[in-house]
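Spelled out from the first residue to the last, the chains are:
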Amino acid sequence: MKAVMPWLGLAARLTLGGVLLVAGFLKYDEVDKSQMAVRAYEMLPVSLANFIGIVLPFAEIGMGVLLILGAVTRITAALSALLMVVFVIGISQAWARGLSIDCGCFGGGGQVEPGTANYITPLLRDTGLLALGIYLFRYPQSKFSLDKSPQPQSLEKGI
Amino acid sequence: MSAKPQPGKDNFTRNLVIGVVLGVVLIMLVPTIISKQTNSSAKVPANVSAERGYGIVFNGELTGVPVLDVYEDFQCPSCARFEGTQGQYLDSIIEDKKATVVFHTLSFLGPESVIAANAAACSADEGKFLALHKMLYQTQPQENSGAWTNEALVAAGGSVGIKSKAYEKCVTNGTYADWVTNVQASAAKADVNSTPTVFINGKQLDRNAYYDPALFIAAVERG
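Residue numbers (the working numbering), protein chains in the order written: chain A, 784 to 942; chain B, 784 to 1006.
It is worth saying that the hints were derived from the structure and are not from the lab. Warning: the hint list may mix true and false statements.
A few chain B residues facing chain A, derived, Cβ under 10 Å [unchecked claim]:
1) I801
2) I816
3) S861
4) N933
5) A973
Quick list of the computed label-pair ranges, beta carbon to beta carbon [stated by the list, open to error]:
6) A:Y902 / B:D879: 36 to 46 Å
7) A:A914 / B:N956: 49 to 59 Å
8) B:S928 / A:L831: 31 to 41 Å
9) B:V813 / A:V805: 35 to 45 Å
10) A:T910 / B:L809: 26 to 36 Å
11) B:T815 / A:Q876: 45 to 55 Å
12) B:D879 / A:G891: 47 to 57 Å
Please read all numbers here as calculations on a predicted model, not as lab measurements. The C-beta atom is built at its ideal place from N, Cα and C for all residues, glycine as well.
One chain only, chain A, in its complex shape (with noise of 0.2 Å):
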């Protein structure tokens, strides 16, 4: 298994980091709909909305960009998995409430017909992103990764 596991970090941060830096890509030169799609949530005021939509694509990008070339990746993992955390969070209660929204998660967004809101899928996605963040949160140590190795009793404790 320990021989294993640097592959698995590997493959969970060529996975997570590939995700964030296309969804990223696809928004950054449309951020009038991003912002349109963080305001369509109604979960914040409408002013931090508009600034997230903005800043969101180049977080996905920059964080994308650092999980793939694995600097900093325990830190960047637990960023990607809170992240994570609040899209679960806000498809959730978009969902509870009724509302009916494109996810905006790899562009578009905004309010869409009622009765054609799909939740179930980026739910699904977003959490299996979530724990390939917790796991490299954890195990950080992959194969191919700029981080500096740590100590090798470091990848037994774990944390």
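Starting from the structure of chain A, add chain B where the hints point.
Chain B in isolation, oriented as in the chain A frame:
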């Protein structure tokens, strides 16, 4: 690539990479934030009121009539459907001075929305906004397919009787590009999350009234 732990390895490369990534992200982010700010010195077309979210206003002088704020994007298919269903009625209440109507031409669907909104602003200067507005929806192409160019928008103006050189220059130069940004920024502040969105006297219209003439007319007359 060595998998063996190297406790003494220098973290210089890693730190450099982190610095570069964060730096590049910030360099991209800051201009984006600035470009989305309202520019109060933007050149605005005729009949535009900053107090009314930079919308193009018809019958702004009337009092005691319903005020309709219509938020739409020239590339949005639902907006074309809305215009097809309610456009004639909107024209008639503007003509008969029965309501104040404010058109907010949004641009969130991309570059062709921006140039279409700019052209619409140019047509407002010629007193032909409503005509061009209708024409653009009737001939709406696929989103960002390249069909709407400045030349095409000059031609569209010509087809509704705008022949002036000023219009052509206005479209080609993107004279009202900053104003287009202001309209979008103000819609963001107004919490408009889809198009079309209509507010009647500041109250958002019920979703199922958009494509139903009877419900729409009833909602306007109720005020």
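Which earlier hints can't be squared with this structure?
Of the numbered hints given earlier, those the structure breaks are 4, 9, 11, 12, listed in rising order.
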